[in-house]
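Whole structure, please, built from the sequences with the hints as guidance.
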Amino acid sequence: MNNFSYTRASNISEAIQKVSADADTKFVAGGTNLIDLWKYNLTNFNALVDINSIQDHHNIEEKADGGVRLGAFAKNAQTAYHPIIEERYPLLSRAILAGASGQIRNMATNGGNLLQRTRCYYFYDPAVPCNKREPGSGCSAIKGYNRIMAIFGTSENCIAVFPSDMCIALAALDAVVNVSGPGGERSLPFADFHRLPGDTPHLDNNLNPDEIITSIDLPEKGFSKNYSYLKLRDRNSYAFALVSVATAFELEGDKIKDARIALGGVAHKPWRVKQAEEFLQNNTASRENFVAAADIIVKDAVAYEYNSFKIELTKRAIIRNCMMALNPETQLPGAQPSA
Amino acid sequence: MPGVTEVSLQINGQSHQLKLQPWVTLLDALRENADLTGTKKGCDHGQCGACTVLCDGDRILSCLTLAVMKDGSEITTIEGIAKDGELHPLQKAFIEHDAFQCGYCTPGQICSAIGMLNENKAKSRDEVKELMSGNLCRCGANTNIIDAIMEVKEGGNHE
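One line per chain: the protein sequences are A and B, in this order. Quick note, the first sequence lines up with residues 1 to 339 if you use UniProt numbering. Quick note, the second sequence lines up with residues 1 to 159 if you use UniProt numbering.
Heads up, some of the hints might be wrong.
To be verified - Keeping only pairs whose Cα atoms sit at most 25 Å apart, straight-line, the calculated SDA-like set for lysine to any residue is: (1) A:K225 x B:E127; (2) B:K121 x A:N327; (3) B:K121 x A:S237; (4) B:K41 x A:R235; (5) A:K26 x B:Q47; (6) B:K129 x B:T143; (7) A:K18 x B:G72; (8) A:K315 x A:D234; (9) B:K41 x A:P189; (10) A:K39 x B:R138; (11) B:K121 x A:E329; (12) A:K26 x B:G3.
To be verified - Stretch-level coverage of chain B by chain A, calculated; a stretch enters the list once three of its residues show a Cβ under 8 Å from a Cβ in chain A: (13) 37-51; (14) 128-137.
Simulated from the structure, these hints should not be mistaken for laboratory data. Bear in mind the structure is a predicted one, so any value in this text is a computation, not a measurement. We put the beta carbon where it would ideally sit given N, CA and C, even for glycine.
Below you can see the structure in the form of structure tokens.
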């Protein structure tokens with residue numbers, strides 16, 4: 001735990017200017033992950049720039065194009081319980097409420113949720129090598145106790161998983177991330193925001209260090225009729241996912257017009273397999289087809305010594321969640337049905 | 001002291017001007033600087049909920065909050081919830097239901113329950129349990145804690 005100085009920024013350009021002037025300065029908003037990482041000596045900074053006083057980007061607003069804009073500084077709880085989100089994007093609401101605890105959701109911001117770091121045990125243990133913490137030092141998870149680690153998109157340098165629930169729903173909904181930096185504003189499709197580990201596992205995402213997330217846009221289509229978020233974990237609440245699935249369907253009779261399946265807890269980023277979604281499109285919404293889609297998704301899975309159970313678990317979770325998406329009222333808020 | 005700033009907090013209705021370094025958490029400021037040791041330091045990493053306080057009415061974790069970030073805020077701790085010598089309904093219910101053994105998690109449980117009931121999202125016992133899952137009781141009082149909260153929730157007198 002190092003010492004640091006603290007200032008507040010009153011607008012976005014002031015915040016960016018402060019952070020881009022010094023590589024050892026970081027933004028802080030909710031702080032739920034940053035302060036924790038700082039206490040564990042896993043992150044260092046000489047200065048924090050508090051962005052909570054910035055007047056903009058705290059709200060949830062309907063946009064002229066029919067979509068909805070989530071302010072990056074709005075809290076997770078405020079977002080999950082917002083009437084527009086509950087009504088038009090219930091998948092997002094459910095996913096947020098499946099994550100963390102009531103207190104943390106009151107503190108954590110939407111932008112910060114995208115930036116939370118892995119909870120890989122070896123990342124959190126400074127006594128052992130970790131390429132994400134210290135590039136080039138090696139990965140302790142690959143030959144270690146890798147029960148919670150990834151089965152998709154891994155590299156020889158890192159098999160850590162991205163821990164968010166909210167982001168799994170945002171990936172399924174094709175959200176867009178709006179960011180500001182010294183060079184102006186830009187937008188990234190959600191699929192391009194987070195990175196696979198490759199040979200740069202220390203980089204979780206494609207945000208530059210002096211850029212700030214200002215908002216997240218949801219397209220008009222919210223899949224409010226047929227959706228489900230299933231989170232499987234070692235205890236029923238306040239734990240990270242071993243596997244989570246966000247499923248959204250647009251149905252016409254028993255035909256699937258549009259299908260989204262995004263997975264959490266299994267990769268370095270929210271995981272979607274286009275081929276499986278395309279298979280379901282214009283196909284019948286049946287258990288048989290959900291099994292086939294799950295097979296397509298898990299065919300590229302690669303397990304390690306202790307996490308091979310995740311492949312079968314993922315497959316079953318996909319099938320079960322697709323069935324639940326046909327009857328969303330079978331879900332319990334914030335928890336999962338036990339049967 | 002290097003980097004000391006003046007932080008103004010309204011704690012339990014009383015104004016406190018504290019001279020703090022930026023890295024002092026709200027939890028440490030309450031305990032060490034404001035001499036209010038009712039708020040408990042458990043895991044100090046946001047996992048146990050023992051440090052839960054109300055900040056401008058919302059339940060938050062004081063261990064993951066920098067005090068300087070709450071300059072100007074209203075904080076309510078366990079010391080501030082009894083009114084005019086009368087225990088808060090949740091305090092009474094915790095006593096009636098024997099909702100503690102070692103009692104270390106109790107201040108956080110009660111502050112969290114006040115915040116949770118004011119959020120008004122829990123409709124059933126299962127939802128109360130789910131929305132209180134950020135507060136861990138390791139001695140097994142959890143069932144009685146939920147009983148106490150349910151009694152107050154059903155009585156509707158938790159303000």
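Structure-based check of all given hints:
1. A:K225 x B:E127: holds (23 Å)
2. B:K121 x A:N327: holds (22 Å)
3. B:K121 x A:S237: Judged against 25 Å, a Cα distance of about 16 Å means the pair holds.
4. B:K41 x A:R235: holds (24 Å)
5. A:K26 x B:Q47: Given pair K26 (chain A), Q47 (chain B) holds - Cα atoms ~24 Å apart, limit 25 Å.
6. B:K129 x B:T143: holds (9 Å)
7. A:K18 x B:G72: holds (23 Å)
8. A:K315 x A:D234: Distance ~17 Å between K315 (chain A) and D234 (chain A) Cα, so the pair holds.
9. B:K41 x A:P189: Distance ~41 Å between K41 (chain B) and P189 (chain A) Cα, so the pair is violated.
10. A:K39 x B:R138: Cα-Cα ~23 Å, so holds.
11. B:K121 x A:E329: Distance of about 17 Å is within 25 Å: holds.
12. A:K26 x B:G3: holds (17 Å)
13. 37-51: Holds: 4 residues of the stretch 37-51 of chain B have a Cβ under 8 Å from chain A.
14. 128-137: holds (count 7)
The earlier numbered hint that this structure contradicts is number 9, and it is the only one.
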